[in-house]
Each structure stands twice: as C-alpha cells, then as structure tokens.
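Each chain is listed here by its residues.
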Amino acid sequence: MNFSPTHPENDGGMNDRIRRLRQQSIDTPTTLTIERALIETEFYKREEGRWPIAVLRAKNFYEICKKKTIYIGDDELIVGERGPMPKAVPTFPELTCHSVEDLHVLNTRELQPYFISQADIDTYEREVIPFWKGKTQRERIFSHVSREWDEAYHAGVFTEFMEQRAAGHTAMDGKMYHRGLLDCKQMIAEELARLDFINDPEATDRQQELTAMDISCDAAILFAQRHAELAEQMMNECTDTKRKAELQKIAEVCRWVPAHAPRDLWEAIQMYWFVHLGTVTELNGWDSMNPGHIDQHLWPFYQQMKGDDKREVAKELLSCLWIKFNNQPAPPKVGVTALESGTYNDFTNINIAGVTRDGEDGSNELSYIMLEIQEELHQLQPGLSIHISKKTPDEFLIAGCKVIRQGFGYPSVFNPDVYTKELMRQGKSQADANEGGCSGCIEVGAFGKEAYLLTGYLNTPKILEITLNNGIDPNTGKAMGLKTGDPRQFTSFEQLYEAWHKQMTHFVNMKLAVNNYIERMFSLYAPATFLSLFIDDCIRNGKDYYSGGARYNTTYIQCTGLGTLTDCFTALKKHVYEDHRYSLDEVMAAMAKNFDGEEKMRQYIRNHTPFFGNDDDYADDIAVRIYNDLVTAIEGHPNTRGGKTQLNMLSTTCHNYFGSVCLATPNGRLAHFAISDGTSPSHGSDCQGPTSVIKSLGKLDQTRSGGTLLNVRFVPGLMKRDEDLKKLASLIRTYFSLGGHHIQFNIVDTDTLLDAQQHPDNYRDLLVRVAGYSDYFNDMTTQLQNEIIARTENNEF
Amino acid sequence: MSFRLFDIKRFAINDGPGIRTTIFMKGCPLHCVWCHNPEGISSQPQMMFTRKKCIGCKSCMGLTDEEAAEVCPTLARQMAGKQWTMDQLMDIIEKERKVMEDSHHGGVTICGGEPLLHHADTLEILRELGKRGFHRCIDTSLYAQQHVVDAVAAECELLLIDIKHMNSDIHLKHTGVPNASILANIRHLAEAHKPFWIRIPLIEGINADENNIEQTASFLASLPTPPQQVNLLPYHDTGKGKHDRLGTVYNPANIAMATPSESTLQRCVSQFAMHGIKAITGG
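If you're matching them up, the sequences are chains A and B in order.
Counting along the first sequence from 1, when you hit position 600 you're at 606 in this note's numbering, and nothing is skipped either side.
Counting along the second sequence from 1, when you hit position 176 you're at 1485 in this note's numbering, and nothing is skipped either side.
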C-alpha cells in the first residue's frame, strides 16, 4: 500500500467527548464485581452434571450474557463492558476462587487496590466460596503436582501461568470483519451434518464441541441485542437530539453485529469489541485479547468512508475503542503470582504497520492515526507496538520514534522480518507467519490461527545458584533438584557449566510434565468455546482451542535472566578458572554473606569482568551457548494438542520476583536484587553504549525463539531534536538487520536519575545528553547530575 | 606504530552526521578555560582519580599510576592516555561498521585534544579509515599550519570547526592562543569549497554577547562557501569534575562564565539568521 499521510503531525488532539471518556476511565476506581461469580455459581449448582463440559461451559457463557448488567455510558459510541460498569472486574471462581482474606487484602492494599464492599464479601463467602471448594482449576493443579515441582515452584525456580488464569495470548486475524456469528452458525451446522459417527471415533466429542460453539454464537448475539435494547430505551428517554441520534445508531449497530459481518467502520470496531468482551467473559486469559493487525483490518472500512471529516470521525471511534481497553483492569491474582507480576491492567498490545498477509508494507493512514491516538490519550492501556519491516517506510518509523520520545515507554518496536522467520521455523506457512505478530509483550504467534500457551518463566540464574550449592537452595536451605556434585571439587569451567546444564534440563523436564497435565485440565474443564469460533481451524476440526483445534498449537516456556547468568559464568570463568584470582570457595563465601566485608572483590568483579552487552565475544559466546542450550532443552517436546514446546525470552516484571528469591550471585549482584530482564544485559553491565548492546544481542540466533526482549534506556534530552530521531531510527534498523526481534526504549524519569545517584553501580549504562554531547550519568559530578535531574523534568511532557 | 588516545566512544550521536565512533587524541595547543575534556590538553598520560568511587582498599599502594589503574577494583583510578596500535583501533571501529553504514553518513570522528597537533598520527589513522571506506570527520580548532590543515582536509569528508571568539586578544586570554591563523584557515578551507560545520561553545560572559555573535555571523557570511550548519553548544561546567579527577584546578582565575539562557540562545539563532545562516542548538 503506497500512501502518504495527510496529517503526519498531531493535529489538534482529543475532542470533548474523548476527553470526558478518557478522564472517566482514569478517574474511575478499580472495583471487583461478584456478578459473574454469582450467575455462574447459581448456574453450576443447577446445571453441572447435566451436560457435557463443552456444552456446560457454553451454556454458562450464555447465562452470563443473558443476565449480566448491561452498561452504556454517557458519550459512548462503542459500547460494552466486562463488568456492570467500567473498571469493574469479575472473578472466575471456576479457575481460582478468592478467599475472604484475599478480598480483604485486595480491598485495602495501598498499591493497586480492587475495591469491594463488605456486603459483597459476605455474599461471596456465603454463595460462592463454599460451592467451588475443591473444584477449581487451581486446586486440580496443585493437588496433582509432585512434591519436587511444588518445592521448585515455591522456591522461584519457575512460575506457572495457568494455575489461576487461562492461557490467553490470543490475537485475531481479519475473519470477523467478513464473517458474522450467523455465518459461523452456518459453518457449524455444515460440520455437524458432516459428522461420521460410524467411522470417526471422535465424532461425539466434535458434536459436543460444535454444539457448544453454536450456543456461544447465540450468547454473543444475545449480549449485543441487550445492548441494542438498552440503547433504544435510553433513546426514548433522551431529550438531547444529538445524543438521541447516537443512541439510535448504537442500537442499529448492536442489532447488526456480531450477528452479521460489519458494513462500516463503526460496526467493525463494535464487532471487535463484542468479540473481545466475549473472550474475556468466557475465561480470564492472560493478556486479555488482542485485535491483531487492526490498522490493516479496518483499512477497507476507512477507505469506504466519505466526507471531509472522515479522518476525525474515524479517530473518534478508534479513541472510543482505546478507552474501552483502558477500562479493563486485569482480574486480580492470589498467592505467589501477585508478586511475580506487578502488572495491573491486562495487556493488549496493538500491532500497527508491519507486513500484510502477502508480505507487502502494511502501514496505512490508520497506522498514523493510531499513533496519534496513543500519544494523545496517554493511557496505561492499550499498549502499542510498531512493526518495522525492511518494507516499512522511514516516514512511519520516524513518526513512531516521535512517540517513543515522549517517554511513555511505547511504542515498542518489533521486527516482522525476523519474527516471520521464527514462526515459519515452527512450521507456519509464509502467509500465516506474515499475518502474525505479538499479542501481549514480545511473544509471537500466527494471529487467528494459533493457540500458543505461555506456561511460565524459568529462573535461569536460580538454577546456577542451586547448582553451586549442589542441590540446595541457599535461600531456604531446602534440598532441590539434582545433586550435581560439590563445585569446589570441579577443576574446570566446563564441569561447572555442564552441572548447570544438567540441572537446567532437570527443571525444564519437571515443568514440561506439569504443563502437559495443565493443558489437559483446560481441555477437560475449561474449554473456550467462544474463542474457538475465531481461531482457525477449530470449527472445521470440531475441536476446542484448548484441545488442538487450532491450526497451530504451541506451548512456550519463557526463560529469564540470560544477562545475569552469562555474567555469573564469565565472572567465575575469568577470575576462578583462568586468572585464579579467587578460589570458588572464596567467591561463594563472599556471596553467602552478601559480599559484606568483600566490597573489594565485588567491585573487582563488577569492573574487571567481560559482561554481556558490550560486544565482547568472551561474554557473548557464553550467552549464545546458554541460549542455544535452553532452546535445545525446551523445544520440540510434544504437547497435548498435537503441537510442540518452544522457548521465548520474555520476562515481563518477573525478573524482580526471580531476583527476590536469589541470594548474591557471582557477578557481584547483591541478594534479592532483580535479575536481568528479557534478553537485556544485566543492570549496569553494558558500558559501551546501545550499539554494543545490539551487537551482542545480534549474536543470538533469535529466529530460534518465539520472542526476545531488549530494553534500552535514554534520558529525554537525548532525543530532543528531529536529527536525533533519525539516529534512533537508524539504531532500530541496524538492530533489526542484525536479527533483532524487539527493542524498546526507556526514556528515564527523574526518579530513576535520583535512584542512579544513590545506586550508581546499577546504572553504569545510563547515557545522558549533557549539552552538545552525551555522557554517562555516573561519570558526572553530583552537581552536574543534580542539574541534569532538574533539566530532565523540564523535558517531560 | 601506536597512537595515544584518551577515549573512544561508540554511539557518538553529537559529533557529526549519523551514528559515529569518536576517537579522542591526546594533546592540545589550546587550553581553554571552559574545556570540558581537560585530560585532552597534555600530550602525556595522566592519572584520573575519582574520589567518590574509591573504597579505600589500598590495592594501589606502592604502584605506578599504570599499575594502579590495572588493579583498582572500582576503576576510581584510570589512565587518560593509552597507546593503541592501528590494529586495535581498527578492530574496535570495525565493530560499528554496520551501525555507521545504516545511519546516513555515520562514521568516525577524530577529536581531542586537538587532532592537528599530532597530525602525523591523525593522518595515518585517517588514511587507514579512508582505505576502509569510513566516513571521516575531524573535530578541530584549526589552530595549525596551513599545510597541515590541507593535508588533513584532503583525508576527511567533513570538518567540525570550533570558533571560540572573534577578538584575538580575548581569544588569547581564554584559550592561550590568538585566533588569526584559525580564521585564516577557515577562509582557506571555504575557498577550497571543503564541507565544514562550525561549532561554537556558547558561554555567557565570554562570547555570547551580541557584538561577538554579530562578528562571527558576518565573518561566516563573508566566506565563499558557508558552513553547512552552525551548532551552538551551550556551556556547562562539565570540565570541573574532570579537573578534580586530574588533580588540577578548574578556572583558577575565577573568570565569570555561565550557561546561556534560552533567550540568549534565541537571540544568537536570530542573529545568525539575519546573515542567512541557520544555527541550531546542540551538537
């Protein structure tokens, strides 16, 4: 698509409606709603045991769509909420049932509270909690796992995504824009008619699943009709003629979609939003749900639009959708996962630009409009990523860099030229890979055609810690994993590495075994019969999303701490095994006392070791080796859905939790401090600037992963001039031509700079634009640092 | 053959076009009172000591400066001025080749100190870079003999030239040298149509006054080839920390210097604009 944007610059910002809706979204406190749990519990009490599970789940979904409170707010054009009002989050007791104590904690905790009334807590205690005792997914999982798994889980060797939430990480292709739910029902009817009960031993299962899908279609259509009815009722009571007309249009739209394929942009956006709400009402998937390449999907509708104000009209409708995303805080967690991820809202990572299904430049005017919306609304959600292929015009990249410069941490930047290779290596067709992208953080999949389940993070430095202590977790003193031998007896680095490798394989296998069990539990107890309508080829196969119905079925383990682990290995290799500066015993003794009294050793290690991220082969070769060994250990095991396991290198905020369970490490990192995130170098280890970092990262064959993550930090002043944006853009292009999957930029704020003054060791990589030049923050006088801090604030928007 | 450098910076984005690697040659015939790289003035290696990094471990006791810098755990002691062979230097530059090539005329900038002081070294490096096809910049005061300027100019694609002051007496007072040869060299290069940028360290109290800027602008406007751009680099006392680390005194005569205000910067930009010259703030 060759195209020149008519308004490359921000052209005036939000209109009054969007301003009000946005403010409401920001001001509304997050609440817990027990409505869904009550409807569901009452339904299960009545119906459980009367239907096959798939049908039971679909009928449960129908019941919720039939009974839940319908909300249409003032000013709204795009309608529908997951709870009875914006930012009201339902619970999913069939997966994990909050205790009274959980609800009290959520209601009263200082950070990120979820408000709930005492009356609701009492009702929950009386009506919901007793029914689900012993029946939740979480209990099914924890009652099954081995003691070893449970201990490793609680020690923080790995986490488990699906113990209280469904898998999620789901993104849509474009089929919903030309196939309504009535069309789906037609397809289902054809498949049902085709079933061969004589020769297909699975025909009964398929019949149940297809019947359930059919009910799910009815449920979503009913849900939309109820919105239409409410809109009509409000219309009759409305005295404002303009709003009256809007309500009438809302009613018309909701009568048409999702039953039919949308005919205009408004209907298309509302179509997506109903599908989104259906998916996150049926189950509570991680990362909620994602529209996929929405700029491409909506482009034909935009092209049809007439009138001089079409850009403003489209922008307003899209802004309404953006606000809807922000109205959806994540269902709150219980137990250990509240620590592992500090995230609050469900991630929806909007993918823009990138390539089309046939591999051409996918950017269009809507891509630019979405960038503008993202910049103007400045909300927590949705996230936005720009997808920069060799075919993406520089003009779009620069427009994206302008938003990056604002310092909100988005958009993140992805490389379709590499991730399509990742997807094809996993067996996807070129076209399905082209249509893929990133659903939540950095993990990629074939949009609308894949069920890719992320199952949990692996704490790779923790495994070294256990290895160094010969099968003991020094944090708790408990025996854990294999006894790989007392490393003090090892005579070479190779022996140490091999011991880690053995231990790592052991824990990976432990996790894989339980992954397969959990997958089956979702297939058996929590099929996603609504989501399955939108993932090819679930209808054709008559199989659920969780049962291998999708065209592609992947199970991911996310490995965390590559930078920290590499630095631990290089420190030991160099100072213990090569230079004999310290014995392993000395280093371990220093680690055991958190380097207390051993600052000289710690500083020597910090400053005289080749660390990952400096374009130094000594360290980078070890990182490559670790990475390749992780890939080999994880990839290619069959999952329960006919697909295979794969690795990716996501960490979200889990590197903080993982660090908190690790004592001091050989690289001089102090106890309980975060480990490195994604594939980024560990804190303060990269001292040669971002080009060295991307060179180091470029040595990993990232096509062997399902995603890597690189954070690069800048201060706002560094990107002040348009000339600087071109340099940022060329840095991105270079990283991508070196094989990079993803990069994002932290334009640091004052708090970070203050923290950098207090803990310079953690910020040795912090590059600050001073005047006509840039320098490392650490290398400046306190006075100058203070001056920069003051100045930075002025640079914020 | 080896060269004495006091730093090499990758991802230099304020030293010419694109993304560059900047090489800092040790030794400078000027000693500007505001200099932010005072470790570049002496041609000899110097110990830089960062007191706040020192943990008092005494590892350096009884050692030479070079030895101490090797063993200091915290890098509180570091040598400004190490010898680099051509191979070592090219190895580190080659690491950035792809980055430079992708970044619209990115390349290598040689600055200092003053790269024209040890011009034989500088020429050697420039020729090697030229053979390897790198875009080459020189960041210089142009305080050198004309034949040196010609030789170096012939071996680089772009010159970044400092103008500190138009009045030779004031120039002499604050930099230690008069400015006649500098201005003559600029005119000489302009006559030869060599591409160049002008960089002005803009200092309230020294050179940011209306009169000096007026003279600077009219001088530049009078050249047969104007500079491709003029960069105004607002003064900051960043040299102070480095003087502390060198054990020398910053601005011993207490000359009044200040960061130009936003309005001063705006006034300077418009003064240049009056002469048809586009000046921008920052490198």
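No lab work stands behind these hints: they were computed from the structure.
Incorrect hints may have been included.
Taking CB as the label site, the calculated pair distances span [unchecked claim]:
1) L760/A to A1501/B: 25 to 33 Å
2) N600/A to I1564/B: 34 to 42 Å
3) P1561/B to Q29/A: 35 to 43 Å
4) C1363/B to H678/A: 24 to 32 Å
5) N600/A to M1395/B: 15 to 23 Å
6) S1527/B to D728/A: 39 to 47 Å
7) Q1524/B to L760/A: 55 to 63 Å
8) E1376/B to D156/A: 37 to 45 Å
9) D1374/B to D156/A: 53 to 61 Å
10) T788/A to N1476/B: 33 to 41 Å
11) T756/A to E1376/B: 51 to 59 Å
12) S1527/B to N792/A: 36 to 44 Å
Positions of the beta carbon are idealized from the N, C-alpha and C atoms, including for glycine.
Comparing the hints with the structure gives:
At roughly 51 Å, the beta carbons of L760/A and A1501/B sit outside the given window of 25 to 33 Å. Taking the beta carbon of each, N600/A and I1564/B are about 49 Å apart, not inside 34 to 42 Å as hinted. Our hint of 35 to 43 Å for P1561/B and Q29/A is violated, since their Cβ atoms are close to 57 Å apart. Checking the proposed 24 to 32 Å range against C1363/B and H678/A shows it holds: the Cβ atoms sit about 27 Å from each other.
Separated by about 45 Å at the C-beta atoms, N600/A and M1395/B break the suggested range of 15 to 23 Å. Between S1527/B and D728/A the CB atoms are about 28 Å apart, so this pair departs from the stated range of 39 to 47 Å. Between Q1524/B and L760/A the CB atoms are about 43 Å apart, so this pair departs from the stated range of 55 to 63 Å. Our hint of 37 to 45 Å for E1376/B and D156/A is violated, since their Cβ atoms are close to 54 Å apart.
Between D1374/B and D156/A the C-beta distance comes to about 58 Å, which sits within the given range of 53 to 61 Å. With their beta carbons about 36 Å apart, T788/A and N1476/B fall inside the hinted range of 33 to 41 Å. Between T756/A and E1376/B the CB atoms are about 41 Å apart, so this pair departs from the stated range of 51 to 59 Å. Checked against the hint of 36 to 44 Å, the C-beta distance between S1527/B and N792/A comes to roughly 39 Å, which is consistent with it.
Checked against the numbered hints above, the structure violates hints 1, 2, 3, 5, 6, 7, 8, 11; every other hint is satisfied.
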